[in-house]
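If you're matching them up, the sequences are chains A and B in order. First residue of the first sequence? That's 0 in numbering that gives the first Met the number 0, and the numbers climb one at a time after it. First residue of the second sequence? That's 0 in numbering that gives the first Met the number 0, and the numbers climb one at a time after it.
Source of the hints: derived by calculation from the structure; they are not laboratory data. Backbone N, C-alpha and C fix where the C-beta goes; we use that ideal spot for every residue, glycine too. One or more hints might be untrue.
What the hints assert, rightly or not - A few chain B residues that don't get close to chain A, going by computed Cβ distances all over 10 Å:
hint, residue
1, Ala49
2, Ile66
3, Tyr127
4, Trp128
5, Ser142
6, Gln162
7, Leu173
What the hints assert, rightly or not - Listed next, the stretches of chain B that the computed footprint assigns to chain A, with coverage defined by at least 3 CB atoms under 8 Å from CB atoms of chain A:
hint, stretch
8, 10 to 17
9, 83 to 92
10, 182 to 191
Okay, here's what each chain looks like letter by letter:
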Amino acid sequence: MPAPFERIAELDRLIHEPARLSILTALSACRNAEFLFLLRLTGLSKGNLSSHLTKLEEAELIVIEKSFVGKFPSTSIKITREGRHQIERHWKMLEELRHDALRWQPES
Amino acid sequence: MNDASLQRIHDFTANYFFWQGLRWVPLGAGLLVLSLQPGKWLPFGRWGQALAGALAITIALALSNEIGRWYRRKFGAVRSDASLHARRDLLKWTVFYPLIVTALIVDGWWRPPILMSGIAWAAAIAAYWASTGRGRNHYVVISAVFALSTFAPLMFELGSRVQRLSFIVALIGLVYMAAGILDHLALLRMLQGTEADDAGAV
Numbered sequence: 000m001p002a003p004f005e006r007i008a009e010l011d012r013l014i015h016e017p018a019r020l021s022i023l024t025a026l027s028a029c030r031n032a033e034f035l036f037l038l039r040l041t042g043l044s045k046g047n048l049s050s051h052l053t054k055l056e057e058a059e060l061i062v063i064e065k066s067f068v069g070k071f072p073s074t075s076i077k078i079t080r081e082g083r084h085q086i087e088r089h090w091k092m093l094e095e096l097r098h099d100a101l102r103w104q105p106e107s
Numbered sequence: 000m001n002d003a004s005l006q007r008i009h010d011f012t013a014n015y016f017f018w019q020g021l022r023w024v025p026l027g028a029g030l031l032v033l034s035l036q037p038g039k040w041l042p043f044g045r046w047g048q049a050l051a052g053a054l055a056i057t058i059a060l061a062l063s064n065e066i067g068r069w070y071r072r073k074f075g076a077v078r079s080d081a082s083l084h085a086r087r088d089l090l091k092w093t094v095f096y097p098l099i100v101t102a103l104i105v106d107g108w109w110r111p112p113i114l115m116s117g118i119a120w121a122a123a124i125a126a127y128w129a130s131t132g133r134g135r136n137h138y139v140v141i142s143a144v145f146a147l148s149t150f151a152p153l154m155f156e157l158g159s160r161v162q163r164l165s166f167i168v169a170l171i172g173l174v175y176m177a178a179g180i181l182d183h184l185a186l187l188r189m190l191q192g193t194e195a196d197d198a199g200a201v
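With the rest of the complex left out, here is chain A:
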């Protein structure tokens, strides 16, 4: 059985990257959120946020929808069923890792 620190390598890097983890966490708490909201929440630049969203969209973890609210363009982002499943699995894995790390004793 691998030590907890070795299991860290099993974490999905696409999700575990801090900005993407924040984005998916926020999206898992709502039906959808506007680009502007995620921009303000994460503190990323527009280009950086777009780049993270593109990666998540390519992995089919989110869906990006563009529309108009009155005369103004609006971009809303929604987590997919797979995205929700992945982020929940990720949180569970982090919790297990923390739990195992606290109890871990090095073999003599």
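Since the structure of chain A is provided, determine the placement of chain B on it from the hints.
Showing chain B alone in chain A's frame:
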């Protein structure tokens, strides 16, 4: 990025509407106008007071709606997931709203030596604080203020029905205003990231 900050992001996004505190400030001011007693603080009678109260609440609702648009322009919108709040909604409609209304009726009609509304609102505010992620600790203080207000009839002259109801409505109005400002400051702390001139572009 730790568990606590992820949990904060989750709770904030799930309850984003409630963090938009400036929405509640005009409603608090409207309730304060509604609490003013005819003849004592207003230069017109009962019907004039009712009209002033109705007008104040109408203006407050319109202002609150406009502030909601401002939040959307400034910070973006979030469409809430009702399934995440099913338990809160159930408790709100089956426990806390009936409790608040019952306490108001008891305070107005039977006039017990203490204010039942103080207890009801203290419980409702504590439950609201817990159900929205416990992130805004000013609600603990507000809940304590409501709990203390239970003993208001022992400290102030609240003998008549009008005096009691006015006191309760004024207290709720003041709390709406204070909590609204503090909620807005909490929102600013969460959303201090990049401002966008063209948020639509991805």
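- Query: Which of the listed hints are not met by the structure?
  - Reply: Hint 9 alone not satisfied by this model.
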